[in-house]
Amino acid sequence: MQYKSQAVAKLYFIAAIALFAGQVLFGLIMGLQYVVGDFLFPAIPFNVARMVHTNLLIVWLLFGFMGGAYYLIPEESETELYSPKLAVALFWIFLVAGALTIVGYLAVPYATLAKITGNDLLETMGREFLEQPLPTKLGIVVVALAFLFNITMTVLKGKKTSISTVLLLGLWGLAVFFLFSFYNPANLVKDKFYWWWVVHLWVEGVWELILGSLLAFVLIKVTGVDREVIEKWLYVIVTLTLVTGIIGTGHHYYWIGTPEYWQWWGSVFSALEPIPFFAMTVFAFNMVNRRRREHPNNAATLWALGTGVMAFLGAGVWGFLHTLAPVNYYTHGTQITAAHGHMAFYGAYAMVVLTMISYAMPVMRGRAANSNRAQVIEMWSFWLMTIAMVFITLFLTAAGILQVWLQRFSSTPISFMQAQDQISLFYWLREGTGVVFLIGLILYIVSFFVGGDEKPAQA
Amino acid sequence: MSGTFTKSMARNIFYGGTVFFFLLFLALSFDTNSALPARDNRANLTPAVEAGKKIWETRNCIGCHTLLGEGAYFAPELGNVYTRRGGDFIKAWIKSQPTGAPGRRQMPQFNLTDKELDDLVAFLKYASEINSAKWPPNVEG
Ligand code: HEM
Ligand code: HEM
Ligand SMILES: [Fe+2]
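Top to bottom, those sequences are chains A and B.
For the first sequence, the numbering used here begins at 1 and goes up steadily by one.
For the second sequence, the numbering used here begins at 1 and goes up steadily by one.
Since the hints were made in silico from the structure, they are not lab data.
What you are looking at is a predicted structure, and each value in this text was computed from that prediction instead of being measured.
Keeping only pairs whose Cα atoms sit at most 25 Å apart, straight-line, the calculated DSS-like set for lysine-lysine is:
id, chain 1, residue 1, chain 2, residue 2
1, A, 115, B, 95
2, A, 190, B, 125
3, A, 221, A, 160
4, A, 4, A, 160
5, B, 7, A, 159
6, A, 159, A, 232
7, B, 91, B, 125
8, A, 232, A, 221
9, A, 10, A, 85
10, A, 221, A, 455
11, B, 7, A, 232
12, A, 4, A, 85
13, A, 160, B, 7
14, A, 221, B, 7
15, B, 115, B, 125
16, B, 134, A, 190
17, A, 157, B, 7
18, B, 115, B, 95
19, B, 115, A, 115
20, A, 159, A, 221
21, A, 115, B, 91
Restraint ranges, calculated between C-beta atoms of paired labels, are given here:
id, chain 1, residue 1, chain 2, residue 2, range
22, A, 138, B, 12, 35 to 41 Å
23, B, 15, A, 159, 19 to 25 Å
24, A, 414, B, 92, 21 to 27 Å
25, B, 91, A, 138, 35 to 41 Å
26, B, 38, A, 414, 30 to 36 Å
The beta-carbon is built from N, C-alpha and C at its ideal position, and this holds for glycine as well.
When you get a sec, could you build the whole thing from the sequences and use the hints?
Structure representation (C-alpha cells):
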C-alpha cells in the first residue's frame, strides 16, 4: 500500500461483502415465495423481502464505490487522504443508518414506519428502490456530501489524473441525481418521469463513470499498460455512455403517460447503449493481452475481464433485447425485466466492486496477492456465482417469454396469476440456481481466510 | 486508436458531447412537461386521488405489483385494474386478504377504513385514465 490512509477502504469492503450476503439470503426467500406463496407469511411478506433485497444491493454497492474511491484516490493523487478520520466516522454513520433502516423494514409495518419517520412532512416513501424513510434519505445525502468533500479535497491537494476526474464526476453525479428522490408530486406521470432521473441516470449514466474508472485503475495496476492509452480508452467509453445513455432514458417513457415521440428517441438512443459496454469488454481484453507485467494476482485479472463480459451481456445484450418500443410493448414489466435487472446489476456493478476488492484487499493485508490456494478458491467462487447468474437470467428469460405469450400475445390471453402457475417450473429452476450462487458467495468469503504462500508486497 | 487521436481530444469530446446531449435531454423534458396536461389526466387529480396515492405508497403496494408496468412482478398489474375489475371488486378484494389458501401467493391485510378504500380506488381509477399509448396490450395487464 503506497499511502497509509488507503487502509480505510478495508472497513468499507468488509461491510459490502457482509451486506451482499444478506441481499442474496433475501433473494432466496423471495425466490421461494414465488413458488411457495405462503412461505414466511405473514412474518416477512414479499414486498418487505424485496425492499430488503434491493436496498441492501444499493447500499453494498455504495459501500463498495466509497471503499474503492478511498483506495484509489490517494494512490492516483499521490497524497494521503484529506481526512481518514472523517472517512471512518462516515463509515459507522452509514452502517448504523443502513442497519436501522433494514431493521425498520422488518420490525414494523411499512405504514407505521412511514408515520414515525416523518413521511407526512415530505412524502418520499413507497416508490421502488426509493423506499427508505426520510431520515435515511437525508442521511444518505449528508454522508455522500461529506464523502465527496473528503475525496475532492484529496484530489485538489494532489495530482489530478483522468481516472480520478472521471471517478469524481461519477460520484458527484450519483449524489446530485439522488436529490430527485425527494421530488414526489401527486401527478403520477411526473412522479414516474423524475423517478427515472434517479434510477436510469444512475445505472446507465453516472454509475458507468464509476465503473469505467475503477476498471481502468485495476487494469493499469495488473497489466502495467501505459496510462495514456488506458485513459484515452476511458474517455472514449464514458463519452459513448453519456451520449447514448442520457437520451436513452426515453426507453422508460413509452407507456407512462409521456408523449409518444419518446418511442423514437428512446428506441434509437438506447439501442446504441450497448456500444460503450462492448467497448469496455474489448478494452479489458486488449489491455490484458498487451500487458507489460505478470501480476501475481490472477484472481483480480479474472474479475476485471469478467466484469467487461458480464456487463456487456447483462446490460448490453439483455438490455437491447427489450429496449425497442415495439418489443417493450409486450415485455414491459415482466420476468424479462427481472432477468435483465439481475444480470446487469451483477455483471456491471457487483462485479466491478468485487474486482476492486480482489485487487486492493491483498495489498491492504500487506501482500501483492493472496496464496495460490486462496486464489484458486476465489476463482471457483467467480465461476460459480457468474455461471449461476447466467442461468438465473436464462430461466427468468424463459419464464418471461412464456408469460408474455400466455398473458399478452395470445389471442385468448389468460390472467396474470394463471400464467404464473403455468411457468412455475422456471421459478423452481431459478431458485435452485440461486442456491448455487449462494454456495459461490460462501466460497468467496472463505477465500479470505485461506492462508499459504502469499506473494510478497512489491513497489 | 491511432497516434493522432490524443487523450486531450478524447477528453474534449467527452465534455462537449455530454453537455450537448444533456441540454438536448433538458429540452425534450421541457417539451414533455408542456405536452403532459393533455395526457396525464390531471383534471381528475382530486384530493381523494392524492390521498389514495399516499395509501398506495405507505402500504408499499409497488413491492409486489406493477403500476403502468413498473414495480415488482409478483402480483398483477394494477394500472388498469379499475378497468379489469371495477371499484367494488377492488374494495372487497383488499378487505378479504389474505386468502390463506395453502401455497398460494399471499397479500397482506392492511386494515384500511372505508374512506381509505374509496381514496385508493379513486387513485386507481385516475391511473387507469392516464394516456399510456394503448399499453397494456390487453385487459389482463
Ligand atoms: C449496468 C447497466 C444497467 C443496469 C444495472 C440496468 C438495470 C435495470 C433494472 C434494475 C431495470 C428494472 C427497473 C424497474 O424495476 O422498473 C431495468 C429496466 C430496463 N432496462 Fe436496464 N440496466 C442497465 C442497462 C441497460 C441498457 C444498456 C439497456 C438498453 C440497451 C437497458 C434497457 C432497459 C429497459 C428497456 C428497461 C425497461 C424494462 C421494462 O419495460 O420493464 N438497460 N434496467
Ligand atoms: C442469487 C439469488 C437471487 C435470487 C433468488 C433473487 C431473487 C429476486 C427476486 C424474486 C426479485 C423480485 C422480482 C419481482 O419483483 O417479482 C429480485 C429482484 C431484484 N434482484 Fe435479485 N435475486 C438474487 C440475487 C441477486 C443478485 C446477486 C443481484 C445483483 C447483484 C440481484 C439484483 C436484483 C435487482 C436489481 C432486483 C430488482 C429487479 C427489477 O426491478 O427488475 N439479485 N431478486
Ligand atoms: Fe434504463
